[in-house]
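We have chain A already, so just place chain B on it with the hints.
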Amino acid sequence: MSLIAQDITVAIGRKRILDGVSIEAQAGQFTAIVGPNGSGKTTLMRALTGELPHRGRIALGGDEIDSLSPEELARRRGVLPQAAALSFPFTVAEVVRIGLEARGERDDALIPAVLAAVDLPGFSGRLYQELSGGEQQRVQLARVLAQVWQPVGVDGPRWLFLDEPVSSLDVAHQLTVMRLAADYARRGGGVLAVMHDLNLTALFAQKVILMGRGKVLAQGCPAEVMTDAILSDAYGCALRVNAVPAQGIWILPQASLPEAC
Amino acid sequence: MQAVRPIPAVIAGDRSQRARLTGAILVLLLLITAVASLGWGASGTSLSRALSNLAAGRELAVQDRVVLLDIRLPRMVMGICVGASLAVSGALMQGLFRNPLADPGIVGVSSGASLGAISAIVLGGALPAAIAGWLGWALVPLAAFAGSWITTMLLYRIATRQGRTSVATMLLAGIALGAIMSAIGGLVILRANDSQLRDLTFWGLGSLAGATWPKLMVAVPIMAAGVLSAPALARGLNALALGEAAAGHVGIRVQRVKNRAILTVAAATGAAVAVSGGIGFVGIVVPHLLRLASGPDHRWLLVNSGLLGAVMLLWADMASRTLIAPAELPIGIVTAMIGGPFFLWILLRNRGVLDL
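Those sequence lines, one after another, are chains A and B. The numbering used here numbers the first residue of the first sequence as 1 and each following residue consecutively. The numbering used here numbers the first residue of the second sequence as 1 and each following residue consecutively.
Read the hints as simulated data drawn from the structure, not as lab findings. Careful: at least some of the hints might be erroneous.
[As the list claims (entries may be wrong)] Each pair of labels, with its calculated beta carbon distance range:
1) A:Ala83 x B:Leu348: 21 to 29 Å
2) A:Ser232 x B:Gln17: 54 to 62 Å
3) B:Ser195 x A:Gly104: 51 to 59 Å
4) B:Ala24 x A:Ala85: 30 to 38 Å
5) B:Leu344 x A:Ala83: 27 to 35 Å
6) A:Val171 x B:Ala168: 32 to 40 Å
7) A:Gly20 x B:Ala168: 23 to 31 Å
8) A:Asp183 x B:Ala24: 43 to 51 Å
9) A:Glu105 x B:Leu228: 21 to 29 Å
10) A:Ala83 x B:Gln255: 21 to 29 Å
11) B:Leu348 x A:Ala85: 15 to 23 Å
12) A:Gly20 x B:Leu228: 46 to 54 Å
13) B:Leu347 x A:Glu24: 27 to 35 Å
14) A:Gly20 x B:Leu292: 48 to 56 Å
[Unchecked claim] Computed footprint of chain B on chain A; a stretch qualifies when at least three of its residues, placed anywhere within it, have a C-beta under 8 Å from a C-beta of chain B:
15) 45 to 58
16) 83 to 92
17) 108 to 115
Ideal placement from N, C-alpha and C gives every residue a C-beta, glycine not left out.
So that you can see chain A by itself, here it is in the shape it has in the complex (with noise of 0.2 Å):
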């Protein structure tokens, strides 16, 4: 079970966003889109998602995503937007209830727990507009969390798409969401995301997918696509990958935690 997109174009007026874009992610494995700003991963997931019209196909676990309801569509994938502001003073628990509805369910019960997973236990009565970027972010995630909370259901695996994810969160944070998501795919889930830190990829992903100027650069396992070499050319300044500066502090998580890949 698996997502396969082929030959993704999207324009905007004469100029191509996206060229051609051919990706494959499965099930059960972390997968991450990296590149430099402007390379086109957010117009990536945003296709894939189908929020922006393309060309070429895109088939979730079999379905051609065009051919599945929306309401079926929701019960199979979350989406976590990049930004999200929220136009009326909803509590953090009647945000997470939209995801908890999403599959016509009301199961209030779960709130709690999603919010412990995404670390903010005893936050339901807050209201989301008074919460820090960070903390609003979580929220985001934990609305997504019960829209698809068992990662397999009775049709399949189901899956998380999620627009770089940790982008405001603090380092313990960061982790925390890190671990949220290798755990849901890990448990059989599937799990894309379009990530800005390429360490927390490398430690997270099983599977890295590297954009630039529109077109997949290399798509492959994290050992395979983040050498010295590619990511120098993509980014466009001298990459070196697990070399340690000779001189300064370096502050990585890698120290705590078990190898990926």
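Leaving out everything else, chain B in the frame of chain A:
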């Protein structure tokens, strides 16, 4: 009887209990207010005397019967329907545009409805007699409905880009659309004769005084359909608060919700404006108070808005009947005197959030 379901443990931040309680209080309040409005008025007719006469088996005096059944009762029914329509339309528009300042009166939708109604009143005589006779009293509400529908759709097209609505664009476009509609309305009025002109002037300030049974027969079903169908949009509007894309991802057919909301607003506002004229600010005051009381969840907000809108309009009507009695103040003046400052208060409170 339904089976009694176990009461779930209350989770912090779940305001549905409070919203239910608010709804129950509003039902009670509406009943009391409705009865009070029957007994309230310039003539000496008193409801309790009429009821005790009836209970004692005596016939009602003709004057009392006319006052109660043909003046106050239709006026009460119209107040309830118009108040509920305006408040629910406001709540729907705010959910659709994702901001608390959208209101049919402020963003030109009522002006569109007025243009439709004015055109029907003034130009309706030019229609072939067969069509005019067939449409009858329905002509004015239908024209108002068409006017408000066109305006709402235009406004949504202009103010929404890529699934996001700009508050500034919405308010400014609403002012422009309202001005255009009023200008065209003015041109149409030039063709009106003296008696039409007097009708239009009083109607434009807003009043429930024109309530008659034949008018209500046409307008009430349209308003009731709008108000009663609105709660079906609640889940869609809740999800829409996250933005259009996110709403789609939780399984909402966004385009369908938007189209239905626009149609509902147009029907309810159009019919309300057709029978009562320019009654403003109900649509902005009522949903805002309810969001403060029990949160923005549309499942409760839409129902409770209908109830509170009805209550508030009946109060405003009672005030309009008594403040300068025996003369009558147009109810639009009463709602504007209360609603205008309230609108400014919301604006000031939300200045930072709304990015104006």
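Hints, one by one, checked against the model:
1. A hinted range of 21 to 29 Å for the beta carbons of alanine 83 (chain A) and leucine 348 (chain B) is consistent with their spacing of about 26 Å.
2. Checked against the given bound of 54 to 62 Å, the beta carbons of serine 232 (chain A) and glutamine 17 (chain B), roughly 59 Å apart, stay inside it.
3. Restraint check, serine 195 (chain B) to glycine 104 (chain A): a C-beta distance of roughly 58 Å satisfies the suggested window 51 to 59 Å.
4. At roughly 33 Å, the beta carbons of alanine 24 (chain B) and alanine 85 (chain A) sit within the given window of 30 to 38 Å.
5. In this structure the supplied range 27 to 35 Å holds for leucine 344 (chain B) paired with alanine 83 (chain A), their Cβ-Cβ distance being about 30 Å.
6. Here the CB-CB span from valine 171 (chain A) to alanine 168 (chain B) is close to 38 Å, well matched to the stated 32 to 40 Å.
7. Distance hint check: the CB atoms of glycine 20 (chain A) and alanine 168 (chain B) are about 40 Å apart, inconsistent with the given range 23 to 31 Å.
8. Between aspartate 183 (chain A) and alanine 24 (chain B) the C-beta distance comes to about 44 Å, which sits within the given range of 43 to 51 Å.
9. Checked against the hint of 21 to 29 Å, the C-beta distance between glutamate 105 (chain A) and leucine 228 (chain B) comes to roughly 26 Å, which is consistent with it.
10. For the hinted restraint 21 to 29 Å between alanine 83 (chain A) and glutamine 255 (chain B), the CB-CB distance of approximately 23 Å keeps it satisfied.
11. Distance hint for leucine 348 (chain B) and alanine 85 (chain A): a CB-CB separation of about 20 Å, consistent with the stated range 15 to 23 Å.
12. Between glycine 20 (chain A) and leucine 228 (chain B) the beta carbon distance is about 51 Å. The supplied range of 46 to 54 Å therefore holds.
13. Here the CB-CB span from leucine 347 (chain B) to glutamate 24 (chain A) is close to 51 Å, at odds with the stated 27 to 35 Å.
14. In this structure the hint that glycine 20 (chain A) and leucine 292 (chain B) lie 48 to 56 Å apart at CB holds, the actual value being about 53 Å.
15. Restraint check on the region 45 to 58 of chain A versus chain B: 4 residues with Cβ-Cβ distances below 8 Å, three needed, restraint holds.
16. Coverage of the region 83 to 92 of chain A by chain B holds in this model, with 9 residues showing a Cβ closer than 8 Å to a Cβ of that chain against a need of three.
17. Against chain B, the region 108 to 115 of chain A contributes 4 residues with a C-beta closer than 8 Å to a partner C-beta. That satisfies the three-residue criterion, and the hint holds.
The structure does not agree with the numbered hints 7, 13 stated previously, though it agrees with the rest.
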